[in-house]
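Asker: These are the residues of each chain, in order.
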Amino acid sequence: MTLETYFDYFILPILTISVILVFIRLIKGPKVVDRVIALDLIITIGIGIITIFTIRSNQIVLLDVAIMLALIAFLGTVAFSFYIEKREDD
Amino acid sequence: MINIIIGILSTIGAFAIFFASLGILRMPDFYLRLSVTVKAATLGVGLLLFCAAIIFPDISVSTKALAITFFLIITSPIAAHMIGRAAYFTGTPLWKGTIVDQLAGMYDKETHELKNDAEPPAEEPEEQIAKTEDETD
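Residue numbers (this note's numbering), protein chains in the order written: chain A, 1 to 90; chain B, 1 to 137.
In case anyone wonders, no lab produced these hints; they're calculated from the structure. In this text, a Cβ means the ideal position worked out from N, Cα and C, and glycines have one as well.
These stretches of chain A come out as covered by chain B in the derived footprint (C-beta under 8 Å, 3 or more residues):
#1 12-24
#2 33-39
#3 76-83
Just chain B, same shape as in the assembly:
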């Protein structure tokens, strides 16, 4: 019985990781790839660690598995936010099919701060949407 539960959990975990890697290969631009990476891979690794915590009857293994899962859940959104912000500043283009780039013109290029007011900037901001598929793939 416990073997069946472990088999099901590890299968879901392995497939979540597999879909994350498929997504990072096939998604059309950087920001979509980033959204795939963080969520699915964290779920998959968390499930695999949960399997290890069930299999070993030792309390230290459970603690370590819980610590790793907790740490991944805490840190991966921070890392994803920072790398996404750096990517937008360095001019990584959005996918060709993107309809609107709402961040266009909202960042202060000098101080790297996000403007808080709702009024749009005076001149028409330049959106970072790619012209062709090849730019982002």
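So that you can see chain A by itself, here it is in the shape it has in the complex:
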């Protein structure tokens, strides 16, 4: 078993199942804050998937996308929490 088939048939399916499980929480989540952290976790797992895809396709340029996603996920969560806290004052 080579490393390529191991990545293709073991690591990537585990990450895909993880995204599906988090997506159930994104749909279900009883409050808005549950949905916000589910979205944050989906983007974090997406960074992992991009990393594995970078290894498999030998395109190291794709890691730049992962940097941008890490930035945007942080800013998105902070903006969501800021406005959720503001909304309560009205």
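Add chain B to chain A, keeping to what the hints say.
Answerer: The following block gives chain B in isolation, referenced to the frame of chain A:
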């Protein structure tokens, strides 16, 4: 030899991410879900990026992997703190089995500041503990 090391590291990383997603689905309330998300997912993604840094002999890949890991470790606790604070202000209930809510009555509702003095407030504070399982699940 190097393939075995990469296989072990990526397996640990993938399972850490899998346990994070299992935790966010199965944990009983928001605050427990938050604690699972931040730690396990950061560990998993960091290990996967470390695998990429080992595989490619390029210095730019190592730098980018280090930058992403560093950035995740710096920023995810800040985001988790802010969203947890916003959740407590908006009245997200704690799990039914919670014994004590030590933050009850300690936040100033007007200025959103945490009171610093140790003395408890005059009236009995209202704890945000859920009455039933359905409220938080």
